[in-house]
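2 protein chains.
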Amino acid sequence: MTTTSDAARVSFQTDPSSYRHWRLAIDGPVATLAMDVAEHGGLGEGYELKLNSYDLGVDIELYDAVQRLRFEHPQVRSVVITSAKDKIFCAGANIRMLATSSHPAKVNFCKFTNETRNGIEDATTHSGQTYIAALNGTASGGGYELALACEHIMLIDDRSSVVSLPELPLLGVLPGTGGLTRVTDKRHVRRDLADYFSTKAEGVGGRKAAAWRLVDEAVPRTRWNEAVAERAAEFAARSRRPSDAVGIALTPLEVTRSDDAIGYRYVSARLDREAGVAEITVRGPDADPPGDAEGIHKQGAGFWPLAVARELDDLVLDLRTNELELGTWLLRAEGDPQRVLAYDRLLIASAGDWLAGEIVGYLKRTLKRLDVTSRSLIAVIEPGSCFAGSLLELALAADRSYMLTGVFEDSDPAVAPAVILVGEINLGPLPMGNGLTRLRTRFIGDPDGLAAVEKQAGEPLEATEAERLGLVTFAPDDIDWADEVRIAIEERSSFSPDALSGLEANYRFAGPETMETKIFGRLSAWQNWIFTRSNASGPDGALVRYGTGQRAHFDRKRV
Amino acid sequence: MTTTSDAARVSFQTDPSSYRHWRLAIDGPVATLAMDVAEHGGLGEGYELKLNSYDLGVDIELYDAVQRLRFEHPQVRSVVITSAKDKIFCAGANIRMLATSSHPAKVNFCKFTNETRNGIEDATTHSGQTYIAALNGTASGGGYELALACEHIMLIDDRSSVVSLPELPLLGVLPGTGGLTRVTDKRHVRRDLADYFSTKAEGVGGRKAAAWRLVDEAVPRTRWNEAVAERAAEFAARSRRPSDAVGIALTPLEVTRSDDAIGYRYVSARLDREAGVAEITVRGPDADPPGDAEGIHKQGAGFWPLAVARELDDLVLDLRTNELELGTWLLRAEGDPQRVLAYDRLLIASAGDWLAGEIVGYLKRTLKRLDVTSRSLIAVIEPGSCFAGSLLELALAADRSYMLTGVFEDSDPAVAPAVILVGEINLGPLPMGNGLTRLRTRFIGDPDGLAAVEKQAGEPLEATEAERLGLVTFAPDDIDWADEVRIAIEERSSFSPDALSGLEANYRFAGPETMETKIFGRLSAWQNWIFTRSNASGPDGALVRYGTGQRAHFDRKRV
Numbered sequence: 024m025t026t027t028s029d030a031a032r033v034s035f036q037t038d039p040s041s042y043r044h045w046r047l048a049i050d051g052p053v054a055t056l057a058m059d060v061a062e063h064g065g066l067g068e069g070y071e072l073k074l075n076s077y078d079l080g081v082d083i084e085l086y087d088a089v090q091r092l093r094f095e096h097p098q099v100r101s102v103v104i105t106s107a108k109d110k111i112f113c114a115g116a117n118i119r120m121l122a123t124s125s126h127p128a129k130v131n132f133c134k135f136t137n138e139t140r141n142g143i144e145d146a147t148t149h150s151g152q153t154y155i156a157a158l159n160g161t162a163s164g165g166g167y168e169l170a171l172a173c174e175h176i177m178l179i180d181d182r183s184s185v186v187s188l189p190e191l192p193l194l195g196v197l198p199g200t201g202g203l204t205r206v207t208d209k210r211h212v213r214r215d216l217a218d219y220f221s222t223k224a225e226g227v228g229g230r231k232a233a234a235w236r237l238v239d240e241a242v243p244r245t246r247w248n249e250a251v252a253e254r255a256a257e258f259a260a261r262s263r264r265p266s267d268a269v270g271i272a273l274t275p276l277e278v279t280r281s282d283d284a285i286g287y288r289y290v291s292a293r294l295d296r297e298a299g300v301a302e303i304t305v306r307g308p309d310a311d312p313p314g315d316a317e318g319i320h321k322q323g324a325g326f327w328p329l330a331v332a333r334e335l336d337d338l339v340l341d342l343r344t345n346e347l348e349l350g351t352w353l354l355r356a357e358g359d360p361q362r363v364l365a366y367d368r369l370l371i372a373s374a375g376d377w378l379a380g381e382i383v384g385y386l387k388r389t390l391k392r393l394d395v396t397s398r399s400l401i402a403v404i405e406p407g408s409c410f411a412g413s414l415l416e417l418a419l420a421a422d423r424s425y426m427l428t429g430v431f432e433d434s435d436p437a438v439a440p441a442v443i444l445v446g447e448i449n450l451g452p453l454p455m456g457n458g459l460t461r462l463r464t465r466f467i468g469d470p471d472g473l474a475a476v477e478k479q480a481g482e483p484l485e486a487t488e489a490e491r492l493g494l495v496t497f498a499p500d501d502i503d504w505a506d507e508v509r510i511a512i513e514e515r516s517s518f519s520p521d522a523l524s525g526l527e528a529n530y531r532f533a534g535p536e537t538m539e540t541k542i543f544g545r546l547s548a549w550q551n552w553i554f555t556r557s558n559a560s561g562p563d564g565a566l567v568r569y570g571t572g573q574r575a576h577f578d579r580k581r582v
Numbered sequence: 024m025t026t027t028s029d030a031a032r033v034s035f036q037t038d039p040s041s042y043r044h045w046r047l048a049i050d051g052p053v054a055t056l057a058m059d060v061a062e063h064g065g066l067g068e069g070y071e072l073k074l075n076s077y078d079l080g081v082d083i084e085l086y087d088a089v090q091r092l093r094f095e096h097p098q099v100r101s102v103v104i105t106s107a108k109d110k111i112f113c114a115g116a117n118i119r120m121l122a123t124s125s126h127p128a129k130v131n132f133c134k135f136t137n138e139t140r141n142g143i144e145d146a147t148t149h150s151g152q153t154y155i156a157a158l159n160g161t162a163s164g165g166g167y168e169l170a171l172a173c174e175h176i177m178l179i180d181d182r183s184s185v186v187s188l189p190e191l192p193l194l195g196v197l198p199g200t201g202g203l204t205r206v207t208d209k210r211h212v213r214r215d216l217a218d219y220f221s222t223k224a225e226g227v228g229g230r231k232a233a234a235w236r237l238v239d240e241a242v243p244r245t246r247w248n249e250a251v252a253e254r255a256a257e258f259a260a261r262s263r264r265p266s267d268a269v270g271i272a273l274t275p276l277e278v279t280r281s282d283d284a285i286g287y288r289y290v291s292a293r294l295d296r297e298a299g300v301a302e303i304t305v306r307g308p309d310a311d312p313p314g315d316a317e318g319i320h321k322q323g324a325g326f327w328p329l330a331v332a333r334e335l336d337d338l339v340l341d342l343r344t345n346e347l348e349l350g351t352w353l354l355r356a357e358g359d360p361q362r363v364l365a366y367d368r369l370l371i372a373s374a375g376d377w378l379a380g381e382i383v384g385y386l387k388r389t390l391k392r393l394d395v396t397s398r399s400l401i402a403v404i405e406p407g408s409c410f411a412g413s414l415l416e417l418a419l420a421a422d423r424s425y426m427l428t429g430v431f432e433d434s435d436p437a438v439a440p441a442v443i444l445v446g447e448i449n450l451g452p453l454p455m456g457n458g459l460t461r462l463r464t465r466f467i468g469d470p471d472g473l474a475a476v477e478k479q480a481g482e483p484l485e486a487t488e489a490e491r492l493g494l495v496t497f498a499p500d501d502i503d504w505a506d507e508v509r510i511a512i513e514e515r516s517s518f519s520p521d522a523l524s525g526l527e528a529n530y531r532f533a534g535p536e537t538m539e540t541k542i543f544g545r546l547s548a549w550q551n552w553i554f555t556r557s558n559a560s561g562p563d564g565a566l567v568r569y570g571t572g573q574r575a576h577f578d579r580k581r582v
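Protein chains in written order, with our numbering: chain A, 24 to 582; chain B, 24 to 582.
Any given hint could turn out to be false.
Partner residues are not named here, just some residues of chain B that face chain A (Cβ under 10 Å, in silico) [unchecked claim]:
1) D145
2) R210
3) G229
4) S519
The hints are simulated quantities; they were obtained by calculation from the structure and are not laboratory data. C-beta: ideal position from N, C-alpha, C; glycine also.
Generate coordinates for the entire structure from the input sequences, incorporating the hints supplied.
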């Protein structure tokens, strides 16, 4: 992990031997993830991570640990998140770090931490690894929000430890990682009590915290260790995770990097800084899939779908964090479409296998990351492309797609025209955050359109047919292709980046909302607005004035 | 209507004889509302309302017309919204007005226009008055969004008239009145086509607009008048509105005003500018209700529930628009709780009567306005108060409520302690924008809590019992009352107004989202953020540069 200056490229790759802020211990079916933030281990300069406060670097390690528990430690059935420090669980995001961060850095940071917390909930729901928050001291702000992402919250009842969301009264901002949504929608704290709680900087502890549902139980210090162990064992006993499973190693990703290119084994990106464009290409598998689930285990991290999910995940995080001015991402896929479908079929046929399940889950979460990425996504589908099954999701995630009708008559007249293929994996296993597949979201309110597409599952669809079915946006021929695609890209780069972020955040989530989409939509959008306001981030704003002894000065006009 | 300078108090009261921008014509079951904006009739200075572009003043008249059609013209069964100008339906919100407006003014303007468009949809769904957009010329931006609020959209097919959402490409902002949500979630335009459409300033017309579902039909000029008349008659024929109904007059509200008080017949407000508090009191009925629906018709605008709905509606709009620094609203209700329940019962018993239905609907919409008001709402429940049935909704809409346990021993020891009463009207007829009653939203995920409350319907509940049932937040006694309430108000005034708006906008809408809540939550929050960004509103921003011949200068970092 990069731990140099703010201007340096942030890397999202780490492993437990490099952790500076977390201790991972595994005891049979129970893992304990103890937060022990190194005060001087911040990713940036100018702040100290006191009281288990965190920055992006701390969260990158947490994300890594959650992923590795799924893949490397499949026997784990419950995960206790606690603190290795006394009297404090976690003080939340470091305030000085926030106050000195740029607006994009704040927003990006909140997005990633949100995704990690959603991943924790996903592990509880889908991986049979139930997260328990064992708050052995005060959990405030983001610290309490981390607990809210867990299935069960235990708070030590020692007359001083509390849970709190002090962001509003102390900092003039909102809790940034789903707190307001989870308090009411997940924990069912009554809205007026939630209102009181979120304006009371000193928090709520003991039996009152339990009575208000802010925590599940308040446990006396004398019974603490025993109660945590009991609860961990109880949740572990409920898991359907196989007890004899052997993990696979998430070996380090191999990546090559130059100023204008990033290359992994199957995923690569060309960075065109002048045009503000990143051209992302995902390559299909080089060989046929193994015959059964056992073969997946043998290939481990080298298994094509897992490798692609990991590489794409890393690339999305990298570009999102480090390349703010590359506002348009072109999505390409190359290879043999039938092979991709064969891999997909193996994954679906192996649905009972824990590893196959984890791989589909990883792909699902990586695609969700794309859905909430504030970049314009344009899929480009040409001869030789490979938008089939799981890779078709890239085109379905895109804001727009262009598919060549026919071939390039001058340069490559003999090649077969591009096709796309809908597979079984597009019809369920890879839902968006709104709970619907990308296909279903695309055809919201149009069941006939959806049925027509589903009927074509497995059929190679050329451009005219794909356009007719509504699977691609435009299908220009050779004559119009270059101009249409170029204009689309140039136009996109000419628009207001902010307005594009807002447009995309709305259009990508047609239909129902879930707790997850509420967090990224309603809550984050409000937070972004508040972050830009002088009352928070101006020189006299609360976020900047915090800790100076001077009170913030507010423009009192309500908006 | 006030039509003087921007600094002047905006009034929301008008009537058709004063309209400057709309012509209302009624022909049997069909009303035609023709937009004919007076270029020099703007509410503020410094802009001309060309091409049927609008400002708040234009929308105040539209709101008035929609309300009067419901109450004064009950025989109307379909409403055609069209333009009295040639070649142009409506160019949307006036850009110069937006560019020169303050941030709060822009946000307030969008909120009110959104509410009016929601009211149009509500009239179609609940009042049997179906709105038809007859676009006899181009509808761009807010003009197209007005059409989107209608049930059926007809576009003249004359090779030049189009629908468009040019906000993003031309102004660097989003369509501000629900366009992005309605295009996908209501009209089911495919998200990638919607994306293309919303970045194409020149819009889409003719058959393509119909094929993409942007409009329901493209009609040749030669058939235009005939087709509009046909469609109006068809929708009118489907209405269950009684054909022999006689309207009631929405007589002018009588209001007295001083610098620190606003008074209507049943609703009043004291404005404490130093504290930043408005103290709103709603008085219960002076007399028992009439015996049946006929009595409601006889009393007309004087019927207590209708008078309260109108007065409260006007007060909310007034304070929201004109008193930005009164950030906390105390809500009080005075009178005889049993009498309120008697009025509520009459309304429910008269459910088949169109006027009774309209009155409940008006109350519903006024309470919804409160839900999306960016002010902290605190209900104060003391002896002599009247939070029963429909008035209990005020306390349920509040962010927090305080109810005195017992009485004020020193000042009024002999009075009866305060009670609150749940009535049948709290259990269904007054849903929030999320489709749930305020009680159901309050007890989201807590069916036992909700059932316990429902069981107490009709029972006077004193403070201890109300607190135990979760109907009020706190129930301090005489000794603690003054301090607790004072501290709550003072604290609220000390917090960041922006963070409070964000907090309240999240906590008030626990549970499911609807198109309506998506518009106020996800979409408006993004728009507010974009409005504050330099790329839109800065000196080089697109909103400010529009029309100057100079291109906007964007900070290209994606956030």
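Comparing the hints with the structure gives:
no.: 1; hint: D145; result: violated, 20 Å
no.: 2; hint: R210; result: holds, 8 Å
no.: 3; hint: G229; result: violated, 18 Å
no.: 4; hint: S519; result: holds, 3 Å
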